[in-house]
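Chain residues, written in single-letter form:
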Amino acid sequence: MTPLSQPTEPPALHDRAIDNLRYIRETMERASAFTAVPGWGQVVIGITAIAATVVASRQATPRAWLGVWMAEAIISLLIAGWSMDRKARSLRVPLFSGPGRKVAFSLSPPMIVGALLTVALFRAGLTGVIPAMWLLLYGTGVVTGGMFSVGVVPIMGLCFMLLGAIGLFVPASVENWLMAAGFGGLHIVFGSIIARKYGG
Amino acid sequence: MAKHGALRREIGKAQTEKQKLRGVHGGAPHSAHEIDRMIHERLRLGIISALAANERLTFNELKHTVKTTDGNLSVHARKLEDAGYINCSKSFEGRTPKTEYSLTAAGRRALERYLDHMEALIGRMRKT
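Residue numbers (this note's numbering), protein chains in the order written: chain A, 789 to 988; chain B, -4 to 123.
Hints are computed from structural coordinates only; laboratory data are not their basis. Backbone N, C-alpha and C fix where the C-beta goes; we use that ideal spot for every residue, glycine too. The reader is advised that the hints may include incorrect statements.
[What the hints assert, rightly or not] Reference listing, derived: stretches of chain B covered by chain A, where coverage requires no fewer than 3 residues with Cβ under 8 angstroms from a Cβ of chain A: (1) 36 to 48; (2) 51 to 64.
[As the list claims (entries may be wrong)] Just a few of them, taken from the derived set where beta-carbon distance is under 7 angstroms, the chain A residues facing chain B: (3) Ala800; (4) His802; (5) Leu809; (6) Thr815; (7) Met816; (8) Arg818; (9) Ala819; (10) Val907.
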């Protein structure tokens, strides 16, 4: 028994207290790896992506097609942010604790590269390559970010990369379906698995 | 003589306090100033911390998180369950048995108390 009312504690106790707090934080961070990616949020993003595919396929110009997917990207980011925040709150863990921060930092560079390449390819008139490039870069980000999460997340990233690789060698008419299969189908399938197995 | 008597009384008090902490059940503390021995043990503290960061964890996820063996996890999880700090639910996924753990409200309060206690200890040492 070590009552706090005693005037002094030996230094070892102080060190042990710091060590215990560190251990609690590290254990919570390890456990948070199971929770950093919001499963239900991904399912909703998948549904909006399928809707975006339908709308985008009816556009007459590449500019309008790109506009639809840009709008979808913004909607997806908002859904992802909201669902991550909601999940973190429900589990009473900080949104940007260790694993969450690592996932965000790993995902950001490929997203920024994707945005820059989109502008460059669009200006060069190479819009047919854009879907494959998005799938490849998003997959890359999910694989690297997923290293700090459960095993199913990097597998999802690899599936995106596979679809992106296929997209490089198929006619432009098929690419809309690859977008639906990737940003729609993969998000719904893997989101459901994450939601059921890893707490929402 | 009076001095010796006072000393004996102080030693007696300290021994009583130690006995309280080493209590047979090792459960919840008797006052806000006592360390909760139930979660002061390293592995049990790990189990509680992991479950505080996650709504539910399966036996294998928990084992992976706290890096321990099946036997150790079973023993310590049972102690926490008996203390009312965690819940254990058993089910089947197909033909495979599945054990899931979650933190109870009492478990979360115990962890919060423990964190307060550790922070208070550190704060006191920094002042001195």
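Do the hints match the structure? See the list:
1. For a cut-off of 8 angstroms, the count of residues in the segment 36 to 48 of chain B with a CB near a CB of chain A stands at 8, and the three-residue condition holds.
2. Here's how the segment 51 to 64 of chain B fares: 5 of its residues keep a CB closer than 8 angstroms to some CB of chain A, so the rule of at least three is met and the hint holds.
3. A distance limit of 7 angstroms between C-beta atoms decides the matter here; for A:Ala800 the minimum to chain B is near 11 angstroms, and the interface restraint is violated.
4. Satisfaction of the interface hint for A:His802 is found here, the shortest Cβ-Cβ separation to chain B being roughly 4 angstroms, below the 7 angstroms cut-off.
5. At about 5 angstroms, the closest approach between the beta carbon of A:Leu809 and any beta carbon in chain B falls short of 7 angstroms, and the interface hint on this residue holds.
6. Checking A:Thr815 against chain B: minimum C-beta separation of about 4 angstroms stays under 7 angstroms; hint holds.
7. Restraint check, A:Met816 versus chain B: the minimum CB separation of about 4 angstroms is within 7 angstroms; hint holds.
8. With 7 angstroms as the threshold, the beta carbon of A:Arg818 comes within range of chain B, its nearest partner Cβ sitting at about 5 angstroms, so the hint holds.
9. Proximity of A:Ala819 to chain B holds as hinted, the smallest CB-CB distance being about 4 angstroms (cut-off 7 angstroms).
10. At its closest, the beta carbon of A:Val907 sits 40 angstroms from a beta carbon of chain B; the interface hint therefore is violated under the 7 angstroms criterion.
In this structure, the hints that do not hold are numbers 3 and 10, in rising order.
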